[in-house]
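Engineer: Order-wise, the sequence lines are chains R and W. Position in the first sequence counted from 1, then plus 450, gives you the numbering used here. Position in the second sequence counted from 1, then plus 454, gives you the numbering used here.
Possibly wrong hints are sitting among the right ones.
Ranges of calculated distance between the beta carbons of each label pair, as one might list FRET restraints [claimed, not checked]: (1) Glu579(R) - Asn648(W): 46 to 56 Å; (2) Ala640(R) - Leu655(W): 51 to 61 Å; (3) Pro601(R) - Ile680(W): 37 to 47 Å; (4) Gly586(R) - Arg713(W): 48 to 58 Å; (5) Gly661(R) - Arg713(W): 29 to 39 Å; (6) Leu655(W) - Ala578(R): 45 to 55 Å.
Some chain W residues flagged as far from chain R (calculated, every beta-carbon gap over 10 Å) [to be verified]: (7) Ile459; (8) Leu461; (9) Val617; (10) Ser651.
Calculated from the structure, these hints are not laboratory results. The model shown is predicted, which means the values in this text are computed figures rather than measured ones. Yeah, the Cβ is synthetic: ideal placement off N, Cα and C, and Gly gets one too.
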Amino acid sequence: MACYSWGVVAGDLNTMVEQKEKSVNCRTARPEAPKEPEPPFQTAAPLLQVCDLQTKILKPVSFSLAAGECIAVKGPSGAGKTLLLRAIADLDPNQGLVSLEGRDRSTIPAPEWRRLVGYVPAEPGWWAETVGEHFGEWAAAAAVLTNLGFPEETKSWPISRLSTGERLRLALVRALIIRPKVLLLDEPTAALDAASVAAVEAVIASRIRGGLAVLWVTHDAGQARRIARRQLAVEAGRVREEVGQ
Amino acid sequence: MTSYIALSYWDLALASVLVLIDAGLSIIFGLKIHRSLLVAAIRMAAQLTLVGLVLTALFSLVSPLWTGVAVLVMILFAGQEVMQRQDRRLSGWWSFGLGTGCMMMSSVLVTAFALLTAIRPSPWYDPRYAIPLLGMILGNCMTGIALGLNTLTTSLMLRRASVEAQLMLGATRWDAAAPVTRDALRSALMPTINSMSATGLVSLPGMMTGQILSGVPPVEAVKYQILVMFLIAGGTGFGAVAAVLGGVYRLTDARHRLRLDRLAALQAT
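Bound-form chain R, shown alone:
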């Protein structure tokens, strides 16, 4: 079964329309296909390839994401943006082919997959009393937390006293220090003031320059333009790529 995929070079807006017509067979993304040598950043070789991914609610969706690329995901509330991210992170039952660097997701144990493809939900969960207990390695977290305006004593803060905005930023750091190759962000700046939004965008942008690929759900059209050159629109469970904004 043929599957349409847009292997767009990050930043290559001019060729986007003609590349859209190019069809890629899903089977070429299988692990048994001859694997290219590790691609340098900013190449057309897709890092994450999604083919006919679907759930009970989500209609089949296909796209690919290159290393160092960011795609904005937009759409009305309840359209299925969160379901799309959860399906890619394999948190809900789903069908379709998802692969990372040519490795089929079904051949990778789920816990390892989620360390490679991190997901930060809009309402992150907490399982211990204090902030520090949620981070495997505090030293790694502390460096990023400083950039986001958190003091060193954040480690001992009780979770119950955090604001929504603090929770969002801490959950982002928690996911970043695992060093995933792809990060799925569900409205990471929804409850933040302008200065914090800028800080979060700067932190993620620097990671993207380092090769991180990001799928970023946002309601803010201005933010979508700032962070990404490609946009996916989700509406009533259908996902399509918006070409030429």
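Once you've looked at the hints, dock chain W against the given chain R.
Structural biologist: Chain W only, in chain R's frame:
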């Protein structure tokens, strides 16, 4: 040893006057419970009489087949009870099968252990020992499993975000569910621990009281009671661990996802 005082039916009729007085109080104070009180009293007398007849037949038969049938019927009733005590049941056969299977495994195992090591009646399946022993272990195991499974399902729903947060960061399903699993096991074993620490001070267990009334020296009755308490603790522990881990297994899947869709839809009560 066999110096117990047999009761006549007149003795029971005299005691039943107490229930009639209760019913009279209900009428005087307009409580409107005299009807259900009398129905319950009559049910109790009828059910126990029936059980007495069944046990008499079983004890005279001493048949492994009929003892086994009686054990099976008791376990199935207990399974039904576990299912009924769940706020949110597992979907499909799991709701009855998980609790019943775990109770069968642990109570039969522990009863057989006691019959083959400590009590050693001849034959070992003698229903006069097997049935009451199994009944006591099963009753406590049932309470433990019902509490454990109920705590597991309700806290998985309440703490879904925290369990999934760990899954998102690469935890396995067992690690992510560990805090909830621990809570469920604790609540399953709490009644057993509480009853062990209160026994003798606050309450005299029914079995021990019964043995003393039938003429057994208190020290001997106490030994039996201690044995039974250990068996109950063991049976409840095994059963609850199996049921709660089975519940975690069913409510997650091989791709380490939380599968709350495997809980049956909430029914109106």
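Engineer: Look at each hint and say if it fits the structure.
Structural biologist: Evaluation of the provided hints:
A C-beta distance of roughly 27 Å is found between Glu579(R) and Asn648(W), which places it outside the suggested range of 46 to 56 Å. Distance hint for Ala640(R) and Leu655(W): a CB-CB separation of about 57 Å, consistent with the stated range 51 to 61 Å. Roughly 58 Å separates the CB atoms of Pro601(R) and Ile680(W), a value that falls outside the hinted 37 to 47 Å. Between Gly586(R) and Arg713(W), the C-beta spacing of about 26 Å breaks the proposed range 48 to 58 Å.
For Gly661(R) and Arg713(W), the hinted distance range of 29 to 39 Å is satisfied, since their beta carbons lie about 34 Å from each other. Checked against the hint of 45 to 55 Å, the pair Leu655(W) and Ala578(R) fails, with Cβ atoms roughly 38 Å apart. Ile459(W), annotated as away from the interface, keeps every beta carbon of chain R farther than 10 Å; the closest lies near 60 Å. The claim that Leu461(W) lies off the interface holds: its Cβ sits roughly 58 Å from the closest Cβ of chain R, which is beyond the 10 Å cut-off.
At roughly 7 Å from the closest C-beta of chain R, the C-beta of Val617(W) falls inside 10 Å, breaking its exclusion from the interface. With 10 Å as the threshold on Cβ separation, the claim that Ser651(W) sits away from chain R holds: the shortest Cβ distance comes to roughly 29 Å.
When the structure is compared with the earlier hints, violations turn up for hints 1, 3, 4, 6 and 9 and for no others.
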